[in-house]
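Here is what each chain is made of, one letter per residue.
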Amino acid sequence: MTIKIAVVGGGVAGLSAAYFLAKNGAEVNVFEQKYLLYGASGRNSGGLTAQFRNEALIKLALRSLELYNKLQSETGFNFLLRRDGYVKIANEEMANVLEEEVEIQRGAGVNVKIVDPDFVKSLFPDINVNAFSIASYFADGGVVFPWPVVWGLAKGCRELGVNVYDYTPVKVEVKGNEVVGVKANDELHKADYVINAAGAWSNEISRQAGIELNNKVFKEEICVTESLKPYLDPYILDVSTNVYISQSMRGEIVGGIVGSETTDINVKSSLDFLTNYAKRVVELVPKLRGMSILRQWAGVYDLEKDGLPVIGPTKVKGFIQLNGFGRNGMSTAPAAGEALAEYILKGRSKILESLI
Amino acid sequence: MKDRKVVCRCEDLTEEEIIHAIELGYDDLESLKRFTGATTGPCQGKGCLMHILRILSQRTGKSVDEIGVTTQRQPVNPVPLYILAAKKGDRE
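Line by line, the protein sequences are chains D and S. Going by the numbering used here, the first sequence opens with residue 1, and the numbers climb by one from there. Going by the numbering used here, the second sequence opens with residue 357, and the numbers climb by one from there.
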């Protein structure tokens, strides 16, 4: 008998799980409450890295990097993937944080190393070497454009027979201690498994199944400048000021400030963000001062208390979590979706062992 | 060439390309914007949004009201970083 799956949330996590489940014979429906790309998967800066402190997360990130290559050919969609490196920079105070995590990452097989400001300058001549004292360089990291990633995954899903419903909020239906499916527009879509991949809305979806999730919700703001010719190769994250910049394939300098916790889910932009960002980015790259900001926006994401994604079964039979990716969903969720599909269909997944 | 109607100059999109995207299923404004890039370039939709709405309306049969508009992202006009970074009393 075919396994029926309902995925709640049409972001990178949900679509990746749907794609690999359908590829392996499951019957899958994906439900997105708004349009695809409304959530964090459509509002992030596309940085791809494996510079994490947890080994399972690192493995998911390394596998995700492989998957991006594979998925863009399988789905026939150009993700505008550019692997020109991911650089974390820090001031003296935070230097030991970078040094410590590089040890962990190297132990987990990541091609990462500690470098000095002059090395970063060789990658990006306009950076102010006095604005930081140390960096960690992950040569295999890079930048992806989140929009075509989601479109490509959705297209791949549809070609495998998955129904991807947009503008379709759902309610999880549970009977006794088991999921029945999800209700959308008063219609019950029966499912053996319901996957909660609703990002910042995951707490709410979980509550519908009677499970308290308590992921923290964060809001992050981003802006872009007018376009320049290709100029900034790596993605740069300053862990001391929380500012990051990269250049999109459209030429814009995309930048933001790492998000902070919020109790209210909204995606409004603020002038405060823009002025804070401007001060920090001009210090980091003085030459950018003459560039104009074209547009700004905000997004929300969810993160579990200890900073790891929430993946796997719950005490309600068939209700599966796939959320809490924080600001690293683009880096880790493709592989998490693939692994969860394996877990559901085969009963186990090596890469998820320490997370489930 | 004279049939080539450019509707979004920033992203270099023709009417034909917009129609093609609508036919592929990107037939609501938010999806169309994110598939084609229309309204996200330097003009921020000032030059193209009305064309996009017209084409969407003609192709889907929905009224412009039904289609709605996308969020107008700040700032209204481009603002240089040095102005945003200025402290009170700074002179340029």
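Hint data in this document are derived by calculation from the structure and do not stem from the laboratory. Note that beta-carbon positions come from the ideal geometry of N, C-alpha and C, so glycine has one too. Among the clues, some could well be false.
[What the hints assert, rightly or not] SDA-like mimics (lysine to any residue), calculated; alpha carbons at most 25 Å apart, straight line:
hint, chain 1, residue 1, chain 2, residue 2
1, D, Lys155, D, Thr168
2, D, Lys155, S, Gly381
3, D, Lys34, S, Arg360
4, D, Lys216, D, Glu101
5, S, Lys418, D, Lys216
6, D, Lys34, D, Pro286
7, S, Lys443, D, Tyr38
8, D, Lys268, S, Gly381
[Said to hold, decoys possible] Residues of chain S placed beyond 10 Å of chain D at every Cβ, according to the derived structure:
hint, residue
9, Asp384
10, Glu386
11, Arg390
12, Val425
13, Arg429
Each hint tested on the structure:
A C-alpha spacing of about 18 Å is found between Lys155/D and Thr168/D, which places the hinted pair at or below 25 Å, so the restraint holds. About 10 Å separates the Cα atoms of Lys155/D and Gly381/S, which keeps this hinted pair within 25 Å; it holds. About 33 Å separates the Cα atoms of Lys34/D and Arg360/S, which puts this hinted pair outside 25 Å; it is violated. For a cut-off of 25 Å, the pair hint linking Lys216/D to Glu101/D stands: about 23 Å separates their Cα positions.
A hinted pair counts as satisfied when its Cα atoms are at most 25 Å apart, and Lys418/S with Lys216/D does not qualify at roughly 39 Å. Between Lys34/D and Pro286/D the CA atoms are separated by roughly 39 Å; this puts the pair beyond 25 Å, and the hint is violated. A threshold of 25 Å between alpha carbons decides the hint, and for Lys443/S with Tyr38/D the separation of about 35 Å lies outside it, so the pair is violated. Restraint check: the Cα-Cα separation between Lys268/D and Gly381/S comes to about 28 Å, which exceeds 25 Å; the hinted pair is violated.
A beta-carbon of chain D comes within 10 Å of the beta-carbon of Asp384/S; the shortest separation is about 6 Å. In this structure Glu386/S is not separated from chain D by more than 10 Å, as the shortest Cβ-Cβ distance comes to only about 4 Å. With 10 Å as the threshold on Cβ separation, the claim that Arg390/S sits away from chain D is violated: the shortest Cβ distance comes to roughly 5 Å. Listed as a non-interface residue, Val425/S keeps its Cβ farther than 10 Å from every Cβ of chain D; the least gap is roughly 14 Å.
Listed as outside the interface, Arg429/S is inconsistent with that label: its C-beta sits roughly 4 Å from the nearest C-beta of chain D, within the 10 Å cut-off.
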